[in-house]
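Work out the full structure: start from the sequences and follow the hints.
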Amino acid sequence: MDNNTALKQEIKQMMVENLMLQLTAGEIQDGQPLFGPGSLGLDSVDALQLVVALDKKYGFKIPDPETAREVLQSVRTMASAVAKHQGSVSPQPSASPQ
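Read in my numbering, the sequence shown has 177 at position 98, and its numbers run on one by one without any break.
What the hints contain is simulated information worked out from the structure, not anything from laboratory work.
You may find that some hints are simply not true.
Once the Cα atoms are required to be at most 25 Å apart in a straight line, the calculated DMTMM-like pairs of lysine to aspartate or glutamate come out as [stated by the list, open to error]:
#	residue 1	residue 2
1	Lys136	Glu106
2	Lys135	Glu149
3	Lys140	Asp125
4	Lys140	Asp122
5	Lys163	Glu96
6	Lys140	Glu96
7	Lys135	Glu96
8	Lys136	Glu89
9	Lys135	Glu145
10	Lys163	Asp109
If you want it as structure tokens, here you go:
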């Protein structure tokens with residue numbers, strides 16, 4: 080299982096736990112819309128909970144509503160944004176003796 084697949088699975092599990100969804104992580108499709116017609120039926124309260132959960136679990140902050148609309152479209156878009164964030168966060172250099 081590659082990192083992106085594992086990340087999507089983690090996000091699905093996080094959604095089930097945080098949003099108290101009446102389905103399992105395995106029932107959520109990667110590209111399934113989260114909001115609107117044909118979606119999981121999430122609402123604005125769910126969106127806020129996702130923003131907080133992504134920050135808590137991955138340190139990924141969503142700064143404004145426009146970014147939230149882009150990132151919170153599906154599990155795939157959330158995983159992509161988190162992976163990009165993790166790739167851009169460089170580890171703190173350890174103090175090396177000189």
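Results of checking the hints against the structure:
Under the criterion of a C-alpha separation no larger than 25 Å, the hint pairing Lys136 with Glu106 is consistent with the structure, at around 22 Å. Pair hint Lys135 plus Glu149 holds up; C-alpha atoms about 19 Å apart against a cutoff of 25 Å. Our distance criterion of 25 Å between C-alpha atoms is met by Lys140 and Asp125, whose separation comes to about 16 Å. Pair hint Lys140 plus Asp122 holds up; C-alpha atoms about 19 Å apart against a cutoff of 25 Å.
For the given pair, Lys163 sits about 24 Å from Glu96 by alpha-carbon distance, which is consistent with the 25 Å threshold. Between Lys140 and Glu96 the CA atoms are separated by roughly 20 Å; this keeps the pair inside 25 Å, and the hint holds. Pair hint Lys135 plus Glu96 holds up; C-alpha atoms about 14 Å apart against a cutoff of 25 Å. At roughly 10 Å between alpha-carbon atoms, Lys136 and Glu89 fall within 25 Å of each other, so this suggested pair holds.
Between Lys135 and Glu145, the direct Cα distance comes to roughly 20 Å. Compliance with the 25 Å bound is thereby established for this hinted pair. Distance hint between Lys163 and Asp109 is fulfilled; the C-alpha atoms sit about 17 Å from each other, no more than 25 Å.
The structure shown violates none of the earlier numbered hints.
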